[in-house]
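Colleague: Going down the list, the protein sequences come from chains V and B.
In this text, residue positions in the first sequence follow our numbering: the first is 1, and each later residue adds one.
In this text, residue positions in the second sequence follow our numbering: the first is 1001, and each later residue adds one.
Each hint should be verified, as a subset may be incorrect.
[What the hints assert, rightly or not] Derived SDA-like pairs: lysine to any residue, alpha-carbon spacing no greater than 25 Å straight-line:
id: 1; chain 1: B; residue 1: K1207; chain 2: V; residue 2: I849
id: 2; chain 1: V; residue 1: K915; chain 2: B; residue 2: N1237
id: 3; chain 1: B; residue 1: K1207; chain 2: V; residue 2: E852
id: 4; chain 1: V; residue 1: K206; chain 2: V; residue 2: F267
id: 5; chain 1: V; residue 1: K612; chain 2: B; residue 2: F1059
id: 6; chain 1: B; residue 1: K1089; chain 2: V; residue 2: E324
id: 7; chain 1: B; residue 1: K1210; chain 2: V; residue 2: P861
id: 8; chain 1: V; residue 1: K612; chain 2: B; residue 2: A1057
[As the list claims (entries may be wrong)] For the chain V half of the interface with chain B, some residues (derived, Cβ under 10 Å), not all of them:
id: 9; residue: G731
id: 10; residue: I734
id: 11; residue: V797
id: 12; residue: Y802
id: 13; residue: P844
id: 14; residue: E848
It should be emphasised that the hints constitute simulated quantities derived from the structure, not laboratory data.
The C-beta atom is built at its ideal place from N, Cα and C for all residues, glycine as well.
Given next are the chains, with one letter for each unit.
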Amino acid sequence: MAKLIWLCLQFIMLYSTVEAVFEDQVGKFDWRQQYVGKVRFSHFDSHVQSSKKVLVATENNVFASLNTRTGELFWRHVDKTGPEGNIDALLQHGQDAVLVVGNGRLLRSWEINIGGLNWEVVLDSGSFQSACLVGQQDTVKHVAVLKKTVISLHYLSNGHQKWIENLPERQAVYSGGNGEVYALGVVPHSHIAIVAYSLEDGEIIKQISVEAPWLSKIQASCSVIDQGMLTCVDPATVSLYMLDLHLQSQMTQIPLQSLGLEVTPGFQPVLVSTQPNPARPPLSEFLLQLGPEHHLLLQLNNGHIVTLRDFKPAMLVSFATTGEKTVAAVMSPKNKTACSINLFSGETGRRLLDTTLIFNMDPNGGKPEKLYIQAFLKKDDSVGYRVMVQTEDHTLTFIQQPGRVMWTREEALSDVVTMEMVDLPLTGTQAELEGEFGKKADGLMSMVLKRLSSQLILLQAWIAHLWKLFYDARKPRSQVKNDVTIENLSRDEFNLQKMMVMVTASGKLFGIDSKTGSILWRHYLNNISSNPAFKLMVQRTTAHFPHPPQCTLLIKDKDTGLATLHVFNPIFGKTSHISPPALTQPILQSLMLPLMDQDYAKVLLLVDDQYKVSAFPSTKNVLQQLQEMASSIFFYLIDSSQGRLSGYRLRTDLSTELIWEVVVPTEVQRIVSVKGKRPNEHVHSQGRVMGDRSVLYKYLNPNLLAVVLESTDLHQERSFVGILLIDGVTGRIIHEAVQRKARGPVHVVHSENWVVYEYWSTKSRRNEFSVIELYEGMELYNSTVFSSLDRPHAPQVLQQSYIFPSSISTMEATLTEKGITSRHLLIGLPSGGILSLPKMFLDPRRPEIVTEQSREENLIPYAPELLIRTEWFINYNQTVSRVRGIYTAPSGLESTCLVVAYGLDIYQTRVYPSKQFDVLKDDYDYMLISSVLLALFFATMISKRLAEVKLLNRAWR
Amino acid sequence: MARPLPFKIAVVSSVLFIVCTNFVRCNNGRKVGDVMDTEFSGFSVPLEHSFEVDDVAKFRVRGALVLKAGREPSVSLTQSQLSEEDRTKLKEVAAVDGLYRVRVPRVFLQADRQTERQMEGYLTAFVRACAMVESHLSDVISLHTDVSGYLIGVSIVTLPGACRGTEVEDEVDLEVFNTTLSIMAPVNAPGPETALFLERMEMESEKKGKNPQEQKSFFAKYWYLILGGAIFLMVTNSAQPPAGGGREQS
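Extracted from the complex, chain B is given alone in its bound form (with noise of 0.2 Å):
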């Protein structure tokens, strides 16, 4: 990995560096993605990031996510230490208000050949880069599959989320990622429950008919009483003339 020399030199010629280096890692990350590919499995995409003060995307290489497919997918993620160079302009973006972005590539799990698994494109998600740094890099990144098994989505949130403009002193708070990390697939929705319904009126049904005289029901109880208010109700109400009713058209 290429590293620039850690100089404090003047904002112009830093920029510039970044451009460099971003251009070196940008070619790592194709590679490393490549490699990392495991025999077991599981198999392992790049988890991308991108963080500039000029809010053009340059995506590199922040870890490698390790997706399980399978009925119940799985995933972990390793990822690498933020430089001290990143940290720094990490500040620098958070304080210009900038995004904190992050990029998986699209992938379909339930493939069985690496060359099906891997789609074109990409997915992206972002954060604020001050919220980024005000949780000192604890975030949480989930990816959703649809039905199929193919990733649709990430999403990517700080715990806590706000962004106060509290400084973070401490350049050790910016350094490890602390990422929990989920895949998450379609809830199935209910359909209407008419077994349980049934069943559960079998059982009221029966109770009643076992022992009719303890386990009646309210209603059942109460009727007369019930009945009786709806009466009075019904009285009171036609005493008095309904809403618009019996209005003479005068």
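With the rest of the complex left out, here is chain V (with noise of 0.2 Å):
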């Protein structure tokens, strides 16, 4: 065994490319940015007077304090995705924050200065219905935690449980700082039923039952006021109801319009009251809400209802305590791209003089949808105040007076569906003199001209450049800021840095900078759909000046098929002026054609479900191109659902003919994936040199599909995983492989002439790679052009597997301008690195005895398992959180890949398969080189001199 390890180590060290980031490169390259999802919970530590934390816990089951003057992240705390990690209830309580995690599975407390963890509990099962803290004598010790038929009492120091209650169904837990706790619930349309029970050992005091026909769900329409004043409101008789949770049993009705309130019509009112203290009964004022923009402060007063305000318009009202004082904070609309927001007192609806404060809203984003408001006494005990607004498109802003924007935070972009990176354009002078040859000649006199005047322009652009130079010299360098903006956006000498342009679930788009990751634009899409699904596409580059570059955003309703077009400017993220077409048909299928029209804009095709095709742009020229080409133009459709897999090719009349099917029977088997090939990838080599300098050639089939089959049989014994490889263009299936008693998730990376998968072997119980590779032989049968229609040998196919020692998240190639550097794999891992492992250890023909040939071909000797070196890892100590996808973009250098992994991070590097063969290092030594030079040079010229001299006086002689 010490043997393999020594060979194996042996091997590496001969043959990989050592790839690692010294420490004074770190971040100089790659950035990365945390995020921490869509706002659920939040609290701002208010236990000590100049705190600057607040509390998220949020829909990606993130638990995190952010800074409030930075808004960055103190720590975060990544839960299990799903509903076993979701987050059910926040509580805070001094320097303790009480979590209840995966409905109801776990309790945990945690200390927010540092976010350590101070217990943890697991609690029975059941599902979770509510949960509060438990206060008595203005100390807060307990906290009460409400399942369906379970009511449990713990500690708040150590989280062990003090008593455990079976109960019937009940649905909130309540508590006013009196010795009782108790459980509320309700027989839909019958009545309310309440027990207290005693803090101290859980006995019921009193049970009550009360009629409320009226009522179906207890949190939604009741709210504890007062001292134990339960008040609902009920939608259908416009009325409040009222009840004493310590004397009556009747409940009291209190028609709205006697109040003189009136209800906008189908609207469901909402009531909101306020505790600050658990340890003590809420306050008698609380919110009512009548109409979307229509809100109430009411105030209890002997039994009696008060109106202490009525605002209107307002859009959010939120409830405030700082020391002694509550305050209501509302927002209310300003003009169209403004609101304003106020504070009223709690206990009298009085507005707090200076403070206004104006919230401005992006026009590229979502409405405010929650107020988070902090507010602090100021030192001549007035209530100061600063607001985090929540707005549609998940994006937190944190206000201070008088609206000074502190920061805002994208959260949208945790959940990052597709991405594509488009090089920047041009600068302005570098576009001048590409638009010369762009245009049409008009006579040699004007061209002569115009070329002189670009070069003036070029040359003044140079010196203002030298100038900036100098001037930046003498400044200290910290001082020197490049700050990207989108005026002095332009592509760099390398095509190093990209606009990324992202799309996230919630329908935010957003451009970022690949070099700083700075967010340069977004745009909020606010009409689409619950459930969509995303494509998008670069219609046009950068690269047809003056035409602004366009991309397409095909956005799907899942449910439905229905689909919307985006068009926009991926620079700058405008919304193009040119109108998509109205889809009214489900669609199918959409393809992006290597067709451009008159203005350089790709043809997108799409499919609708009568197998009608559309064109994108459908010009008079686009169409005439399509009739041309129709014949050779061939797409396939794939039902997972009936197994299906057909081909289709076009017709003049942009109908469409069935011209191959394939049918993998359900009942069997599922499709799980098919990926094709990227469209822009280049392989340089046709084929490989073997040891005895013969060469073996690459099948190189830019239609074949690979298509991952999962049985529906999930039995250890009888499940397996497919492949088929199968050709677009005429369903020709090329290879057709079964791994046995192997289960998915399966990930698959499909590129040049290889198919690398990942699977779980449930023989072994672990986790295994296999690589197919095809090979044409050692002949070429058309070396000019690949035709699919033409190639009737099928392909040598070779396959190898290895085992790998993690499971995986997501996995994708490397790919540069030309396709001569190396591949390697970029393997997302779920501890959250990324590693970058060698294609040539996933090569089937690693032999498994060493021979001369196979030596001399370079091949690593067969060894069954694929190491994880630390060096690998791209991303040293960034770890990517949840990765989903990892993204790749060749840049101008042909050593030089750009990478950017999603999923609840981003994290964007540069990887160098082969190293960075074509860049001269950062630490060259220019001064050297040039002085040799110089030196050797006068030591020539020295020499020749000296030898001439000899000469003369040898003649002489």
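Got two chains here, separate frames each, mind docking them using the hints?
Modeller: In structure tokens, the structure reads:
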């Protein structure tokens, strides 16, 4: 075994390229942004006056603390995805934050300063209903957790259970600080049942049942105010119902009309109360929302309801408490682009002076959704505040008086669905030069003049650049800031800086500078459906000046199949003036053709469910081209529910005809994924040189599809994973392999002449990699052009498998400009690392027995295990949480590939799969080289002179 | 079988005839498929083809595939010659770069009873008709099954596969199909070869144990050279400052 390892190490040392980041290169070419997701609960840390923490618990199962001054993360805890890590409740008391996680499975307490876990207890099973802090005599020592049929009380200090009681179905728990815990439940359309427990031992103090035939959900419409006064609102009779939990057994009805109030028709009124201190009863003031923009501040005064203030129009209202003062913050619309926020005293409803704050709404953002107020007492005992506004597009904006935005967090970026990288445009001067070539020649003289003028402009720009360099050189380095703004965006020398266009699940689009990670533009699509699928396509690149680049986003509703197109400029984010066609039929397939219209926009074909094809753009020119090309345009459709793969050919009238059909029986297996090759991929080498100097040609079929099948039978003996390699034009099954005793999830990368996939082996209980390579053989059938219609010979298929020591989240291959650089696989691991695994380790030609020829070919001897070497992690310690996708893009340098990994975090870096063979190192010693050159030059001059003198002397002799 | 009169008639009327004959043959096709079911272990399904000038598929029987289920499924094909009228049509289709399509019904090979074998739907494939003509009807048809024995796909290629526009003068060349037929089940993908690898390792170590002097491996023999080389490399590498390392932030 030791021998084995030694051999492996030897070969790795000999053959692999060493890549690592030096300490001073950290953050130079890479950046990471950490997100938390859409906020569900948020609390400001208020136990210290000058605290700058805000706790957030999000829908992405993240619990984090943000710095209110900068918006950066203090700490973050990422729980499991899915319902297991779902955060049900967040309660805060002093330095502790109590979380109920996973539908009441776990109760956790966190220390909020450093984010350490105080304790964690596992709760009994049962679906979670509600939780509250329980206090007595001004101290809070317990937390009550109510599940469907059980209530338990835990100590805040250590999580130990004080008592647990079974009870019939209950929905809400309340404690007013008098040593009693109330569990409230409702039998829909019948009655409310209330049980009061003693805090000390869980003994039932009393049990009452009150008729309430109008009530169906207690949490939605009821709230406790004042000294245990349960108040409910009933939209049907438009009235409030009140019940004293201590005394009465009858609900009193107060029609809203008697208070002079009216509910907007069709609106469900909402009641909001506030309980600043869990050890004391809630305040007698409460908020009632009667319409989308109508709120009221009401007070319960000796059993009578008094209207303190009527807020209309008011979009959002929220309570906040500091010290003994409770205020209500009201956001009301000011004009189309701005809202104003004002504070009102909780007790009186008077407006507090100098508390107006203006919130400017981003025209490319969503509407405000929630308001979180951080109130504090100023030195003169008046109330000051800051506000965190959450908008529909998951953005958090933190604002200080009088409207200064301290920070914004684009939490939509925690859920990136798809992305593209677009080249930046040329600078104005470069474009000027380019434009010269694009235009039609109009006379010799004018051409000369044009050339001269553009050269002059170039000279001017160069001088300006030199001046800037000189100017900057005198300043200390830290002060020189190269802020990227949308105005000074331009392509760099090697095209390393690009625009990242990111599409998020919430429907917000972002344009991010790949060099710095700063968001340059954002655009919120506010009319998308609830369950959308996105496909982003670059129709026109920046290469066609003066035509602006153009991206098209296909937004498809997963439920109905109906789609819309959003056409925009990827550099500025502006919606294009080109109106996309209205798509009335569900769209089955979209494909980008290499055809271009007269404006250099690539043609997008959309196939609807009637198998009719529409083109975008659909100018006359395009339609004519399509007619000419129709017989060579093929596309495939996949219906995974029926296991049907079918191929179609375009007809000249833009209808289609079915030409091939492959049906995989769904009883046995289902189609999991289909992977084609990337259209922008270049393969430099047609073949591989063997040890005996002959060439093994690659089977480079651009139309090849890798179809992954998984068995429906999940029994570990019978489950299998199938790989079908199908030609997308002819439907010919090139290869069909089945991996027995294997299970998904299967991750596939398909590129050049190889397919790499990863699966779970149920037999050996481990993750395995398998690689399939296709070769034409020693001769090429037709070396000039590849046609799927004319490749009669089936390729040779080689396959090999390896053990991989970790499960993986996602996988992608590196991509370079010309495809000369060797390929690496970028593997996102669940641990947050991104591994760059050289493809040469996944090579089915790795020999079992080393021969002279295989050594000549630089093949690594076969070893069943792939090792994970720590220096292969391209993101060193920059963990990327929950990697969902990796995007690779070529740069202008052949050696360099740009990589973006996205998931909860976004990480951008560069990789050099074959090292930087085309770049001089940063610390290249120009001085030494030039001085050596100069010295040599002078040495030759001198020695030449000396030789001449010597020759002359000899001649004289 | 209905056969039209071999008259030279105008194109329009020939198309009409084709339509008529197709209809008749379509019916025949079903009958043939049913009749040719045989008692012995194999069973037969029709192989149908279609080639039309207007490219609207009208499938007619080309032959009968006899499939034999079992561990090693096998297939054989009996097919008739191409009629003269079909030959001219095939050439016409080839002239307009039409398609020559084939289809087989979906079947389940491992079923015991006939009723279970037949499934709804067909599997189709195509080649360019000109390739069919230029290869003198020599085609390679392969049927693909999945793990459990369902027929999932059919593929057809011609040999040679190219359309070079060469005229096929001799009508006789287009009479008889020269078909190579195969049925393919999925290949079992290899798993990681641990056993063999360990065996090899053991054997090597055994060899080394037996005869330590002669059977030394390359590395064992020349380790000092490699080590020396490695050290030399390391020294030369460390002599020149590594990329980016040690560079001052100035």
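Colleague: In ascending order, which of the hints set out earlier in this document are inconsistent with the structure?
Modeller: When the structure is compared with the hints, numbers 4 and 6 turn out to be violated.
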